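S.K.: Quick note, the sequences are listed as chains A and B, same order. Using the working numbering, read the first sequence as starting at 1 and increasing by one per residue. Using the working numbering, read the second sequence as starting at 1 and increasing by one per residue.
Worth flagging that the hints you see were computed from the coordinates, not collected in a lab. Bear in mind that the values here come from a model prediction, so they are computed numbers and not experimental data. It is possible that some hints are incorrect.
As the list makes no split between identical chains, a pair holds if one copy fits it or if it spans any two.
Claimed, not checked - DSS-like cross-link-like pairs, simulated, lysine-lysine; straight-line CA separation at most 30 Å:
1) 235 with 122
2) 255 with 151
3) 163 with 54
4) 163 with 255
5) 208 with 255
6) 151 with 208
7) 158 with 122
8) 155 with 54
9) 155 with 235
10) 163 with 244
11) 255 with 158
12) 255 with 154
13) 155 with 255
14) 255 with 271
15) 145 with 3
16) 145 with 255
Protein chains: 2
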Amino acid sequence: MLKVPDHQVAGHQACDGMVGPLVDDSGHFYKPLQNDERGSAEVAFYTSFSSNNKIPNHIRRFFPLFHGTQLIEASDGSGLHPHLVLQDVVSSYHNPSIMDIKIGSRTWYPEASDEYIQKCFKKDRESTSLALGFRISGLQVHGSKESGFWKPDKKLIKNFTAKDVRLVLRKFVSSNTSADSGVDPDCFFASTVYGGSAGILAQLLELKAWFEDQTIFHLYSCSVLMIYDKDSVSKGRSSGAEVKLVDFAHVVEGKGIIDHNFLGGLCSLIKFISEI
Amino acid sequence: MLKVPDHQVAGHQACDGMVGPLVDDSGHFYKPLQNDERGSAEVAFYTSFSSNNKIPNHIRRFFPLFHGTQLIEASDGSGLHPHLVLQDVVSSYHNPSIMDIKIGSRTWYPEASDEYIQKCFKKDRESTSLALGFRISGLQVHGSKESGFWKPDKKLIKNFTAKDVRLVLRKFVSSNTSADSGVDPDCFFASTVYGGSAGILAQLLELKAWFEDQTIFHLYSCSVLMIYDKDSVSKGRSSGAEVKLVDFAHVVEGKGIIDHNFLGGLCSLIKFISEI
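Whole structure, please, built from the sequences with the hints as guidance.
M.R.: Here you go:
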């Protein structure tokens, strides 16, 4: 049984007759291949990544598992369409709090067309990408059984300033999260979710060490997902905090050069989080 | 007695009636203030940097000492002109080998004018800045008493590719440096100049650690100078390897954000050097 995912916070979504990803009960995430070169680029990335024996095992865990491609009925009912079959990275969570952060002050690669560069350049300048080296693309934070999720509107997120980003990163780990901007977030869960040896900061630092060295891939317009389970941490259990990288439609070869654009943005995000 | 510096490898030079920097015998470097906002921006940077008590002492040594400004006769004989009075960072070397590397895949700051951004953007794309996160702006490598310095032409340097950069970073620490491109550089001095606890790599790593944390300044279009004394290291003495940061006409406030553009480029340079 395929269905529309409950916890998607960014990207193309299956609704109003639009094609979007689907999930099943066994923990698979079906992402429709985009028809242009982006679809084939993402398949090429996952294929190359899966078979590349230079990727250390402790780094693999930051990427969704790849199970090939499959022809399935598209979410809009338009017929069979090729999909990437990936690990559904949130399937093991009941009420995951999720943030999708696009990394890099530049979301375009040098070899792209002028038209594409101009389009990205404008978005990078209008968002926090250029100034901060990253931008928030989407988020949901679980409040309580009663209040459900706080999931700000896409238009609101698009206009986030540096100050908003700082606030939202605090709200993400607070017990008093609400849409009400007057409430000062208490950052009650910061030390367990961001901190600690298994926390998000430790995971981001592991990724950083790899990006200081790896010259295989340059990941443009790729996102870091931060996921955790507020219920679980409220009850004194593990936060289940995880970092995953997603969206590889704009990956290019590294050609022996580190991905200084991704690395710079990642270091900036690390600094923001470490200050909370 | 003021004179034109012997060992300037990049930037405006005092020759053919152009205004350029001057040096004296006591180790001072007089840099003429540019008439536009660049001049005042550089004075503002040095003034702010000198008096900022948040700069750790082990980081201060990477910056030229600042002795204020002074009205002196311009190098072109056009009369009195205000100059920055700085430490002449090469005055203690006899035959310094020097490389000037402009750091950052982006040499413009977000608040600059569109015209200025377009100009820089073009240069960044045409040089290695965009791809590597840095570009070589100038260099001289001492060969021997007989052959003197190898100092490639500015036009040649401007067209350096990633492959050229890799080769030149090897030539910089080789005993068989020559203009002849057929000679494979032996990297004879790599372990003493780049390596070791006082080597260039160790100094760049110290700078990197600071840039992962500091949110005071964003240094656009700023250069790392790498300097050492080949005679000295040939004779088994200290290489005198030093890293200095120069050119602060395009520094802007960090506003609580790390300089991810400089940091990314610096990490890329570190990776290039560590591979030698």
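S.K.: The structure should be examined with respect to each hint, and the outcome stated for every one.
M.R.: To see whether the hints hold, each was checked on the structure:
1. For the identical chains of this complex, residue 235 and residue 122 are neighbours neither inside a copy (44 Å) nor across copies (56 Å), given an alpha-carbon limit of 30 Å.
2. For the homomeric pair residue 255 and residue 151, the shortest alpha-carbon distance between copies (28 Å) is at most 30 Å, but the shortest distance inside one copy (39 Å) is not.
3. For the identical chains of this complex, residue 163 and residue 54 are inter-copy neighbours only, at 23 Å across copies versus 39 Å inside a copy, given an alpha-carbon limit of 30 Å.
4. With identical chains, the CA atoms of residue 163 and residue 255 are at most 30 Å apart between copies only, with a shortest distance of 11 Å across copies and 36 Å within one.
5. Taking the shortest alpha-carbon separations for residue 208 and residue 255, both the intra-copy value of 19 Å and the inter-copy value of 23 Å come in at or below 30 Å.
6. Within a single copy, residue 151 and residue 208 get their C-alpha atoms as close as 28 Å, which meets the 30 Å cut-off; across copies the closest is 37 Å, which misses it.
7. Taking the shortest Cα distances, residue 158 and residue 122 sit within 30 Å of each other both inside one copy (13 Å) and across copies (28 Å).
8. In this homomeric assembly, residue 155 and residue 54 never come within 30 Å of each other (Cα to Cα): the closest approach is 40 Å inside a single copy and 39 Å across copies.
9. Proximity of residue 155 and residue 235 under a CA criterion of 30 Å is satisfied in neither setting, with 34 Å inside one chain copy and 66 Å between copies.
10. In the homo-oligomer, the alpha carbons of residue 163 and residue 244 lie at most 30 Å apart inside one protomer (25 Å), although the nearest pairing across protomers, at 34 Å, exceeds that limit.
11. Taking identical chains as interchangeable, the C-alpha atoms of residue 255 and residue 158 lie at most 30 Å apart only when they sit on different chains, with a minimum of 21 Å there against 33 Å within one chain.
12. When the C-alpha separation of residue 255 and residue 154 is checked against a cutoff of 30 Å, the pair qualifies only between copies, where the shortest distance is 26 Å, while the shortest distance within a copy is 36 Å.
13. Proximity of residue 155 and residue 255 under a CA criterion of 30 Å is satisfied inter-copy only: 25 Å between copies versus 37 Å inside one chain copy.
14. For the identical chains of this complex, residue 255 and residue 271 are neighbours both inside a copy (28 Å) and across copies (13 Å), given an alpha-carbon limit of 30 Å.
15. Taking CA atoms no more than 30 Å apart as the test, residue 145 paired with residue 3 passes inside one copy only; the shortest distance there is 23 Å, against 77 Å between copies.
16. With identical chains, the CA atoms of residue 145 and residue 255 are never at most 30 Å apart, being 49 Å at best within one copy and 39 Å at best between copies.
In this structure, the earlier hints numbered 1, 8, 9 and 16 are contradicted, and the remaining ones agree with it.
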